[in-house]
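With the hints as extra help, turn the sequences into a complete structure.
Quick mapping for you: the protein sequence lines, in order, are chains A and B.
With the first sequence counted from 1, adding 94 to any position gets you our numbering.
Position 268 of the second sequence, counted from 1, bears residue number 255 in our numbering, the numbering being contiguous throughout.
Keep in mind that the hints were calculated from the coordinates and are not lab data.
Just to be clear, a hint being listed does not mean it is correct.
Quick partial rundown of chain B residues pointing at chain A, CB under 10 Å, derived from the structure [unchecked claim]:
1. I(-2)
2. H23
3. I24
4. T54
5. R56
6. Q105
7. Q106
8. V117
9. E199
10. G316
11. Y503
12. S509
From the three backbone atoms N, C-alpha and C, an ideal C-beta is built for every residue, glycine too.
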Amino acid sequence: MTADSDDMARIDGQAVALPEAMARAVEILTSARQPLIVGIATDVAGARAALALGAVSGAVVDHVGSEATMSLVLPLQAVGGFVVTPGETRARADSVLVIGHSALQIMPDMAQALALAAPPPVAMEPGARRVLHINPGAMPLAGAELAEFTGLSPLALVSLLSARAQGHRVNALQATLTEGDRVAAWLAAAHYGVIIFNPQELGALAVEALFRLVALLNRTTRFTTLPLVPSASAETFKMVCLWTTGFPGRVSFVRGAPAYDPELFDAKRMVAHGEADVVLGIDGFGEGLGLPDHALAQIMLAPCLNGKARRPEVFIPIGQPGRDHAGVLFDAATGTLKAMPAAAATSRPSAAAMLETLRALALRKGGAPC
Amino acid sequence: MLTRLQGGRVIDPTRGLDERGDVYFEDGRIVAAPSHIPDVTLDAAGCIVMAGALDIHSHIAGANVSTARLLLPEAHRAHKARPATTWLGDIGFSAAETGRLYAEMGFTFVVEPAISPQQALHAHLELADVPIIDKGLLAVLGNDDVCLSLIRDGAGRAALADVVSATLAQSRALGIKVINAGAAAAFKYNLRGFSLDDVVPHYGVSSRAILEALQQAVMDAGVHHPLHVHANNLGLAGNVETAKATIAAARGLPMHLAHVQFYAYGREGARGFSSAAAELAATINAHPHVSVDVGQVMFQPTVTISSDIMRQFNGLGEARPRKGIILEGEGNGGGVVPLIYARDNFFSALQWAAGLELFLGITNPAQVFFTTDHPNGAPFTAYPMLLALLMSADLRDEWCASLPAEALALTHLPAMRREYSLNELAIMTRVAPSKLFGLSDRGHLGAGARADIAVYSDQSDRAAMFGKAKLVIKDGVIVVRDGKARADYFGRTLALAATPDATMVRRLEAHSQALYGINYASFDVPAFALPQSHGFEDIACRS
Ligand SMILES: [Zn+2]
Chain A
95 MTADSDDMAR IDGQAVALPE AMARAVEILT SARQPLIVGI ATDVAGARAA
145 LALGAVSGAV VDHVGSEATM SLVLPLQAVG GFVVTPGETR ARADSVLVIG
195 HSALQIMPDM AQALALAAPP PVAMEPGARR VLHINPGAMP LAGAELAEFT
245 GLSPLALVSL LSARAQGHRV NALQATLTEG DRVAAWLAAA HYGVIIFNPQ
295 ELGALAVEAL FRLVALLNRT TRFTTLPLVP SASAETFKMV CLWTTGFPGR
345 VSFVRGAPAY DPELFDAKRM VAHGEADVVL GIDGFGEGLG LPDHALAQIM
395 LAPCLNGKAR RPEVFIPIGQ PGRDHAGVLF DAATGTLKAM PAAAATSRPS
445 AAAMLETLRA LALRKGGAPC
Chain B
-12 MLTRLQGGRV IDPTRGLDER GDVYFEDGRI VAAPSHIPDV TLDAAGCIVM
38 AGALDIHSHI AGANVSTARL LLPEAHRAHK ARPATTWLGD IGFSAAETGR
88 LYAEMGFTFV VEPAISPQQA LHAHLELADV PIIDKGLLAV LGNDDVCLSL
138 IRDGAGRAAL ADVVSATLAQ SRALGIKVIN AGAAAAFKYN LRGFSLDDVV
188 PHYGVSSRAI LEALQQAVMD AGVHHPLHVH ANNLGLAGNV ETAKATIAAA
238 RGLPMHLAHV QFYAYGREGA RGFSSAAAEL AATINAHPHV SVDVGQVMFQ
288 PTVTISSDIM RQFNGLGEAR PRKGIILEGE GNGGGVVPLI YARDNFFSAL
338 QWAAGLELFL GITNPAQVFF TTDHPNGAPF TAYPMLLALL MSADLRDEWC
388 ASLPAEALAL THLPAMRREY SLNELAIMTR VAPSKLFGLS DRGHLGAGAR
438 ADIAVYSDQS DRAAMFGKAK LVIKDGVIVV RDGKARADYF GRTLALAATP
488 DATMVRRLEA HSQALYGINY ASFDVPAFAL PQSHGFEDIA CRS
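Okay, here's the thing in structure tokens:
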């Protein structure tokens, strides 16, 4: 490490000793009127520490990927739903329906991971798996039957399928009706069907309609869904936030006890509307904070400064979970949290360690509102 | 540092003790009356002193509990749009609140009873963030391809015992639970009902065969806690027959039946739904090798969290608010369905009465365990009032006066005058649970026990008394004072020190790869994954 290397702590771009940067960060954080803790691209320990720091600094805490998370959370909160793990899909689903063009971007190895070409080993009736891909765009799933609905919004598409599955009349072009009936017949022929989709691509309302359709199908046969989450750290944060605050994200500690509001505590919205004055960002995987351009004071925890749009007031270098240090992260293959040892251990500190130190310093400064 | 807890009414049934006296502790353990002068004296005059209480069945952590949190943001005080009735508004629904609220009632150990082995790490991470109390979990088997295939193939006792040991070791569990044996698997083949002699399609294995095989395997693997059984046909009219058949299926061997209130129903009355609790209590009294917990219903909105996905799916129509989540996984999965138990509702009132009938009808307080199946019958915050109801026939009369007479007429509750003594409560909530889990240093105040102590100021309002302990001591540390807990103390998670058989682990690895395309080790719970505040306490297996 050179004297001015990329993983030095910095204040206004100047390399400084870590304690100096930490002290400056706490000063900024504790004098803020409305701090935001954002990004939170980190592991379980980092998410825990971010929420604990949020609690002592009266912050609003929002993950960079929460827009995607909320497109699944909000429909579940509205109408409930049916969900299955990838492992059980592979073992059991005789019928797999993929909706949309982005599912394969999230899960490029879907055919292999779910062994789609092989018959499901524990299915009721032995036989090949049926795979249907609706509106695949430029990325059709290899080996799948295809269906194309042009000019329909995701909500209109799901509504059409629901209507035709129930034999209801629908006003639509003949081609659309024919295609809709083909898919409805396909759904009806499933014994254990799984619908794979990206909630963010479909949008919350279409996902809600999809869960209603799945509930309807379950009156006679078995159906469930495998929603694909694009970000492991977003899912990790959601889980940690649920057990630490009771809420799935977008929480505020302004009044001490956590409050949840999926619209009000959207960090992007708050920055755009000037409702915050300090941003503390945690970017453990170097993917950015996803915020609109702003001139707010910024404290940044990241593996390096590369590619950061704007020079933060304070930069604190951290390691990447599962690479520089061990950690626990959501694992898409299992659909749950998984322990990951350090793949290439370094002495870079974890986000959790830095956030816990900031919290201790903030408490010593008496910055706690509660 | 030697501490004297002075002048309280000490109730310790293990030593036949119910008298004014002192309790001494040093270095986290109870010690006999010492010869030297104590460093600290705590005044317990006018107080009742018992060991810390143990809860053997409370859904406090893991994927299904978190799904309930996700489903019900309206459960919280702080949610923006607070509805008139608040689902679990008083439990906070976070790991931190769970530990605090349990401790303030004098509880020092709680078992989360339903964790899929695949979700064990998630559950342990949550439990690690539950402060003050000690924790443990039960791993769920019996609806998974491994168990069903082994039973179908007649693999034999040893193989199933090896699966149990490997699961306990990987999940860091204290015991094994089976939930509606075979039904979650059968539901995946589109069956909508499942009884003891029904057969899982594709496997050709009956619920009874799964139950018997796992009961034996748990004993063979040296697990203290007998197989924890959530039976078939939960909540259905006439299901007392299922409960009796399940008790008979135990064949004289140890078995624990969970939340039996939900199986205490006959078919009498205009609605074909009546209490059969007296009949069930008589059966339990005649089978001392069987233990049960009640799963008492109390009147308030709550949410049901269960890995009995067939039952949860069938119950979606009763959801209030009208929504529920059904998760399916490699084994049981889980279903989350919110409900309202209301005083003026015939079914709620009958369930409430049936639960109390069981408490009062089962003669041995060491055979019946104190639970609401949190949050399925009621959140655990209802415990103080439930304890008061057990202790006072007059209080029960007061409650009965406001309930539908039609429901009460189908129960024996109004005629039951038994009142639990403090000694019996101490047996039910302290002595028996520690024995059930083989924890010889808990549940009593004898020398060598952990200094886990609950001190209640003796008052006639028993609900107030049990709601906010005057003092709670955990491992010799004062964690609650005047009903207020400190949040910076952490207990441990108890796990059975099971030794997995290497051949079986290799077999499970191969199975997981072949069927699910997943490394078996993905579900490990390594120490490095847990926060520093967390520690495991290894419990030796039964030899
Ligand atoms: Zn339960």
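The hints, checked one at a time:
At about 35 Å, the closest approach between the beta carbon of I(-2)(B) and any beta carbon in chain A exceeds 10 Å, and the interface hint on this residue is violated. Checking H23(B) against chain A: minimum C-beta separation of about 39 Å lies over 10 Å; hint violated. Using the Cβ-Cβ criterion of 10 Å, the hint placing I24(B) at the interface with chain A is not satisfied: the shortest such distance is roughly 38 Å. Annotation: T54(B) was flagged as interfacial toward chain A, and the flag holds, the nearest CB pair being 8 Å apart, inside 10 Å.
Interface hint status for R56(B): upheld, as the beta-carbon distance to the closest one in chain A is roughly 5 Å, under 10 Å. Annotation: Q105(B) was flagged as interfacial toward chain A, and the flag holds, the nearest CB pair being 6 Å apart, inside 10 Å. The restraint placing Q106(B) at the interface with chain A holds, with a minimum CB-CB distance near 6 Å, inside the 10 Å limit. At a threshold of 10 Å, the smallest CB-CB gap from V117(B) to chain A is about 9 Å, leaving the interface hint in force.
Given hint, E199(B) at the interface with chain A, is violated; its Cβ is 23 Å from that chain's nearest Cβ, farther than 10 Å. Taken as an interface hint, G316(B) checks out: its beta carbon lies about 5 Å from the nearest beta carbon of chain A, inside 10 Å. With a cut of 10 Å, the hint placing Y503(B) at the interface with chain A holds, because the nearest CB-to-CB distance is about 3 Å. A cut of 10 Å between beta carbons decides the hint on S509(B): the least distance to chain A is about 5 Å, and the hint holds.
Of the numbered hints listed earlier, those contradicted by the structure are 1, 2, 3 and 9.
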